[in-house]
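Chains as they are written, first to last, in our numbering: chain A, -1 to 232; chain B, 32 to 433.
I should point out that these hints are in silico values taken from the structure, not numbers from a laboratory. Ideal Cβ placement from N, Cα and C applies to all residues, glycine included. Careful: at least some of the hints might be erroneous.
[Unchecked claim] Here are the simulated distance ranges between beta carbons: (1) B:Asp43 with A:Met(-1): 36 to 46 Å; (2) B:Asp43 with A:His182: 32 to 42 Å; (3) A:Lys208 with B:Leu57: 51 to 61 Å.
[Unchecked claim] Counterexamples of contact, computed for chain A against chain B with all Cβ distances above 12 Å: (4) Gly14; (5) Val26; (6) Asp55; (7) Ser61; (8) Ala78; (9) Arg84; (10) Asn103; (11) Ala115; (12) Gln120; (13) Gln124; (14) Arg174; (15) Asp200; (16) Pro201.
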Amino acid sequence: MSVIQLAGIERVFHLGDSVVHALTGLDVAIDAGEYVAIMGPSGSGKSTLLNLLGLLDRPDAGSYQLEGRDVTTLSPDEQAAVRSRRIGFVFQSFHLVPRLTAAENVGLPMMLAGIPAAERAQRVQQALKDFGLDQRADHRPDQLSGGQRQRVAIARATIMQPAVLLADEPTGNLDRATGDDVIHLLEELNQRGMTLIIVTHDPKIGTRAKRQLLMEDGELRHDSARAASPAAAT
Amino acid sequence: MRNADVLRFARDAAAGYPLRTSLSVLAMAIGVAAVVVLTSLGDGARRYVVEQFSALGSNLVIVLPGRSATGGFSPANALTTTPRDLTVDDAFALTRLPSARRVAPLAAGNSEINANGRLREVVVAGTASTYLDIRSFKMAQGHFLPEADWSRGAPVAVIGSKLQEEIFGNRPAVGELIRLGDRRLRIVGVLKSVGQGLGMNTDEVIFVPVGVAQSLFNTNTLFRVLIEARSRDEIEVVKREVAAMLKARHGGEEDITVITQDAVLATFDKLLRALTAAVAGIAAISLAVAGILVMNVMLVAVTQRTAEIGLLKALGARAATIRNAFMAEAAMLSLVGAITGYGLGLFGAFVLRQMYPVFPAYPPDWAVIAALATALGTGMLFGIMPARRAARLDPVQALMKH
Ligand SMILES: Nc1ncnc2c1ncn2[C@@H]1O[C@H](COP(=O)(O)OP(=O)(O)O)[C@@H](O)[C@H]1O
Ligand SMILES: [Mg+2]
């Protein structure tokens, strides 16, 4: 069954007089546990799509069903709750809070969700151990390497056990070897059942995914799961 | 998000930007300290005046010639003509009132003292032996004016401590012959220093029998009559009886004014309280300025931490949570500033008291409460706008700021 179902999604930006169709006529369904790479040239709408999937943005038209529930009509607070419990974000620039330690950064989503400190501490400790960060618990982001920072970010994104993990160019700020480590980590999480959606323009990473979505000018040009699509011929 | 977590988060955020934080804390602290110190000064002035008046002597009732209460305390008033004179006979008649323990006439004027080869202008107070106890003065040397018939005065004088110092220096003054105007008088006593009171510096006054003063100034009138009531409760009785007796003696005219220390005190008390409140109000402006600074600091914080706010939203923070976190931070800045300022203000008042020991510079409770409440209030009030701005940030836009 589809964890994500997009139908007729439109997203239009107005920049002064010009109108940018960041997403047009998008119909995609993603099943639970899938490993999807969203690819395409810069400006093709990949991040816009990911932000919509993560409920950070609303479509101008179309419907979005997450785990069988229409989430576009939810109130902002209800959307926040969905982001808190069902969605995990990994960003290109890590987005760690600089004044907080690795452990505090990992615990942040639980703190925002109002989980008691004792339970948080225990779960953070376990997560840091799982991600090989137990020696770094009290380090601040500026005391961590790029790879360690992204691992903290992934630990943070998964601490609430979300249904979907969204990663926007997660290796964009990392060297090749560290980037590969991070991809392996994400794939491991996918193997344990988490739906994984990665935005990348790195073909090497893209081809590792079970399914590729190719974006161009806000349209879905190619979906490897639908090989019969017209774009596949070109 | 739990309240304890909101507070911890806000505290860490404030601690994360020490310069910004200490600046707004300082502004708030200065505002509160200003209120505390200035109201300490104002209230100190009030207490000082109250204490000075209490030093006039207890249960004091003062009779002034003239109808209105605006006679004032200037010795110059002694020379102004009034509808009907207050005479020594009037004063003596008052000694018969059962509620009056002591009565002292007071004639006043300026003259020249010539003693020990020195010449200077002095205030002359013509009075009687009872004056010493009514005013609770103490003798440094010798004795006060002797008990005698008020209409005839012995050629004696008692001088204040400053006069003794200026004219005689270290030499004993008692027994010395002096010239006051065209009179030759013998000094029989020197008063202990008491300072200001009844509009004249007693330390610079020469006391002579009332009869001597009146013939010196060639007048029949008294400047004041001082009466000491038997008890505090009898002050009002004395007031009534004095008014009635003098009215009868003056042919039914109500041409004198009776004032009590309490009434004068109440006026000064009211005046200085109003002054203190006004000063507090002016100082409170600095609190409003501090509030605006807190607002700016919080606006900077929102701008600086835009990416963080976007992240918090991505991690599932509700708008209210973000608003609360920023409000808590503003409140903390104000609270710490207010407490620091309170401490600073108390220290300032302490320094004032060390520098001027006679000046009881303590901040009144209401000022402290008002200052702390205003500090917190303005901090929170000016924190609302930045906090709401933070809560309304678009998460996608916010996340792009890095
Ligand atoms: N907030 C915005 N306002 C205006 N235009 C935007 C905004 N966000 C994205 N766009 C435009 O939408 C298009 C798609 O952007 P984006 O999704 O970021 O592309 P990608 O991530 O594939 O590089 C681009 O043309 C971009 O300029
Ligand atoms: Mg992008």
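Each hint tested on the structure:
Under the hint 36 to 46 Å, the C-beta atoms of aspartate 43 of chain B and methionine -1 of chain A, about 42 Å apart, fit the expected range. Separation of aspartate 43 of chain B from histidine 182 of chain A is about 33 Å and conforms to the stated range, judged on CB atoms against 32 to 42 Å. Taking the beta carbon of each, lysine 208 of chain A and leucine 57 of chain B are about 59 Å apart, inside 51 to 61 Å as hinted. Annotated as non-interface, glycine 14 of chain A keeps its C-beta farther than 12 Å from every C-beta of chain B; the closest such distance is 16 Å.
No Cβ of chain B comes within 12 Å of the Cβ of valine 26 of chain A; the nearest lies about 19 Å off, and the non-interface call holds. Not every CB of chain B is more than 12 Å from the CB of aspartate 55 of chain A (nearest about 5 Å), against its label as outside the interface. With 12 Å as the threshold on Cβ separation, the claim that serine 61 of chain A sits away from chain B holds: the shortest Cβ distance comes to roughly 20 Å. Here alanine 78 of chain A does not stay apart from chain B, with its beta-carbon only about 4 Å from theirs, under the 12 Å limit.
The claim that arginine 84 of chain A is not at the interface with chain B is violated, since a C-beta of that chain comes within 12 Å of its own (minimum 9 Å). With 12 Å as the threshold on Cβ separation, the claim that asparagine 103 of chain A sits away from chain B is violated: the shortest Cβ distance comes to roughly 10 Å. Distance check for alanine 115 of chain A against chain B: the nearest CB is about 7 Å away, which does not clear 12 Å, and the non-interface claim fails. Glutamine 120 of chain A, annotated as away from the interface, keeps every beta carbon of chain B farther than 12 Å; the closest lies near 16 Å.
With 12 Å as the threshold on Cβ separation, the claim that glutamine 124 of chain A sits away from chain B holds: the shortest Cβ distance comes to roughly 19 Å. The beta carbon of arginine 174 of chain A sits about 23 Å from the closest Cβ of chain B, which is more than 12 Å, so the claim that it is off the interface holds. For aspartate 200 of chain A, the non-interface assignment is confirmed: its Cβ lies about 21 Å from the closest Cβ of chain B, beyond the 12 Å cut-off. Every CB of chain B lies more than 12 Å from the CB of proline 201 of chain A, the least distance being 25 Å, so the non-interface label holds.
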